[in-house]
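Line by line, the protein sequences give chains B and G. For what it's worth, my numbering labels the leading residue of the first sequence as 1, then goes sequentially. For what it's worth, my numbering labels the leading residue of the second sequence as 1, then goes sequentially.
Taking lysine to any residue and the SDA-like style, the derived pairs with C-alpha atoms no more than 20 Å apart in a straight line are:
no.	chain 1	residue 1	chain 2	residue 2
1	G	LYS120	B	ILE46
2	B	LYS114	G	THR26
3	B	LYS114	G	GLY32
4	G	LYS22	B	LEU197
Calculated from the structure, these hints are not laboratory results.
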Amino acid sequence: MTALSTEPVTATLKTGSARKVRRPGDGRWAAVFLGPWAIGLVLLTIGPMMASLYLAFTDYDLLTTPTWTGFDNFTRMFTDPLWQKAMTVTIMYVAVSVPFQLAFALMLALALNKGVWGVGFFRSVYYIPSLVGTSVAIAILWRQVFGSAGLFNQGLGLLGIESTTSWIGDSSTALWTLILLRVWEFGAPMVIFLAGLRQIPTELYESASLDGAGPWRQFWKITMPLLTPVLFFNLVLQIINAFQVFGSAYIIGGNGGGPANSLLLYSVYLYQAAFANFEMGYAAAMAWVLLILIGVVTALNFWVGRFWITYSDD
Amino acid sequence: MTTNTRLAAVATRRRRPVPISKIVLTVVISVGAFGMLYPLIWLLFASFKPNNEIFAVSQLLPQIWEFGNYAEGWFAAGTQTFGRYFGNSVVIALASVVGNLISCSLAAFAFVRLKFRFKKPLFALMLMTVMLPAQVTIIPQFILFHSWGWVNTYWPLILPKFFGVEAFFIFLMIQFIRGIPRDLDDAAQLDGCNPWQLFWRIILPLLRPALVTTAIFSFLWSYNDFFSPLIYLTESDLFTVPLALRQFLDSSGESAFGPMFAMSTLSLLPPIIMFAIFQRQIVDGIATSGLKG
Numbered sequence: 001m002t003a004l005s006t007e008p009v010t011a012t013l014k015t016g017s018a019r020k021v022r023r024p025g026d027g028r029w030a031a032v033f034l035g036p037w038a039i040g041l042v043l044l045t046i047g048p049m050m051a052s053l054y055l056a057f058t059d060y061d062l063l064t065t066p067t068w069t070g071f072d073n074f075t076r077m078f079t080d081p082l083w084q085k086a087m088t089v090t091i092m093y094v095a096v097s098v099p100f101q102l103a104f105a106l107m108l109a110l111a112l113n114k115g116v117w118g119v120g121f122f123r124s125v126y127y128i129p130s131l132v133g134t135s136v137a138i139a140i141l142w143r144q145v146f147g148s149a150g151l152f153n154q155g156l157g158l159l160g161i162e163s164t165t166s167w168i169g170d171s172s173t174a175l176w177t178l179i180l181l182r183v184w185e186f187g188a189p190m191v192i193f194l195a196g197l198r199q200i201p202t203e204l205y206e207s208a209s210l211d212g213a214g215p216w217r218q219f220w221k222i223t224m225p226l227l228t229p230v231l232f233f234n235l236v237l238q239i240i241n242a243f244q245v246f247g248s249a250y251i252i253g254g255n256g257g258g259p260a261n262s263l264l265l266y267s268v269y270l271y272q273a274a275f276a277n278f279e280m281g282y283a284a285a286m287a288w289v290l291l292i293l294i295g296v297v298t299a300l301n302f303w304v305g306r307f308w309i310t311y312s313d314d
Numbered sequence: 001m002t003t004n005t006r007l008a009a010v011a012t013r014r015r016r017p018v019p020i021s022k023i024v025l026t027v028v029i030s031v032g033a034f035g036m037l038y039p040l041i042w043l044l045f046a047s048f049k050p051n052n053e054i055f056a057v058s059q060l061l062p063q064i065w066e067f068g069n070y071a072e073g074w075f076a077a078g079t080q081t082f083g084r085y086f087g088n089s090v091v092i093a094l095a096s097v098v099g100n101l102i103s104c105s106l107a108a109f110a111f112v113r114l115k116f117r118f119k120k121p122l123f124a125l126m127l128m129t130v131m132l133p134a135q136v137t138i139i140p141q142f143i144l145f146h147s148w149g150w151v152n153t154y155w156p157l158i159l160p161k162f163f164g165v166e167a168f169f170i171f172l173m174i175q176f177i178r179g180i181p182r183d184l185d186d187a188a189q190l191d192g193c194n195p196w197q198l199f200w201r202i203i204l205p206l207l208r209p210a211l212v213t214t215a216i217f218s219f220l221w222s223y224n225d226f227f228s229p230l231i232y233l234t235e236s237d238l239f240t241v242p243l244a245l246r247q248f249l250d251s252s253g254e255s256a257f258g259p260m261f262a263m264s265t266l267s268l269l270p271p272i273i274m275f276a277i278f279q280r281q282i283v284d285g286i287a288t289s290g291l292k293g
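Please work from the sequences and hints to get the whole structure.
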């Protein structure tokens with residue numbers, strides 16, 4: 001009871017409910033205990049969600065009353081070159097950064113689990129970028145590192161490659177610096193993988209090696225299948241998070257979309273629409289499209305997941 | 001091959017020599033770890049370099065130690081010193097901690113230990129809000145708080161936490177309370193405890209590890225938050241550390257990297273110190289619930 005159990009998340013996600021003590025008057029107590037949360041749910045979550053759904057069909061600048069415009073915001077969106085750019089940049093960002101981030105996380109977790117000295121120490125060290133990676137300080141650092149006289153070019157110089165390219169200033173490479181920043185933050189999913197690996201009973205490996213299965217075979221027949229629920233969990237979580245990245249892109253892009261809007265992540269464009277141009281209706285429509293997009297991608301993830309996730313207990 | 005591996009397995013079990021692979025792997029992982037931390041190490045030393053050295057010299061250690069960067073940076077952003085910005089950040093973060101601890105532990109207790117109508121759909125709703133993208137609520141929330149005159153106050157940053165908006169922590173605590181044996185409840189009830197006493201005297205003390213995890217992550221998230229302060233705070237007296245850093249970047253551009261790095265380094269200290277102290281709780285928190293760092 002002194003520590004949280006290190007069971008992987010996926011195992012605890014099941015809503016198994018134990019026996020319940022029937023008490024008269026629990027309902028009133030529940031109102032007391034759930035009160036704050038319920039008020040928040042209505043006033044700060046569901047209410048605003050409905051309000052933004054309404055605003056999505058209006059023109060609203062925060063000063064005059066909203067005017068109903070039907071589907072105008074949506075038709076505008078699909079013909080807005082900046083929105084299309086934001087969409088392209090975001091999908092590229094998510095589709096590239098998440099697989100690389102998870103690949104590194106998995107590799108390192110496997111390596112650490114294999115038995116090295118100081119696992120705890122290394123786990124912490126590899127986690128630190130996740131701890132600080134989304135901060136403004138790191139975004140400022142990134143601007144220098146990938147600037148024309150930055151650390152990255154200095155490093156290339158040591159390898160004999162002379163470069164004065166500003167990787168952040170060049171619209172063809174800027175997004176890659178942002179992707180690299182996310183990949184650098186692979187520590188958090190790595191910790192989750194490690195916890196998952198710890199759950200795999202060692203007897204499985206022992207009996208497998210007695211049956212003559214080599215390490216390669218053991219990896220594909222035991223480790224990977226049993227790790228698929230954890231991999232799935234990480235995948236779902238990181239995709240949802242990646243779609244919403246704002247701060248790093250905003251700072252690295254110099255309070256905007258960066259060179260030729262190559263860093264115009266969806267959230268950055270949404271922020272500009274709402275809080276720089278005060279097009280609240282348009283921004284609300286964009287927010288709902290994002291919600292639906294994330295919802296569809298997540299649902300798709302769950303559907304595809306049925307074909308590759310191995311559940312050990314059924 | 002099969003006999004070989006079997007023999008090898010037996011042999012290692014008997015003698016346990018240090019396998020070469022372990023040495024190699026440890027070395028590779030050490031090098032990787034150094035590479036991962038290099039940008040941060042570099043930042044630390046660059047914060048002591050004069051501006052021309054940051055860009056011209058590829059050496060890690062400064063040739064001239066420019067301690068003045070810290071003094072210069074401290075006074076360089078907005079109308080206040082960085083001391084004020086750190087204070088602002090900490091006040092907001094601590095208030096968020098208190099808010100989350102209260103609202104989330106109450107809700108979690110109800111979801112696990114109380115019986116009430118619509119429990120299942122409410123629980124499902126709660127889980128859905130965990131994953132809800134903030135973008136879809138932020139605009140009406142802004143409009144609401146704006147109409148109440150709360151722009152340039154800390155209320156929009158603090159108050160939602162007192163209403164359990166960060167439902168992730170409710171989920172975390174629910175998982176934990178489920179692990180507390182119900183016999184304790186039953187005994188307490190036989191002694192005539194009502195649900196409040198049960199919560200306050202039995203569950204809450206046992207919930208401490210989850211409370212600690214919640215407190216740590218509430219603090220870190222609030223401290224690192226950039227989006228909400230950016231929207232709600234425009235007066236530089238009220239700025240949090242991330243906003244002050246961004247203002248610094250905007251006002252001095254590339255010309256004052258030394259002082260800017262000095263303040264960036266300082267801004268990273270609170271999370272890193274917290275991590276050093278609460279390493280186990282943080283790592284366990286991520287492992288059990290997928291909390292993002």
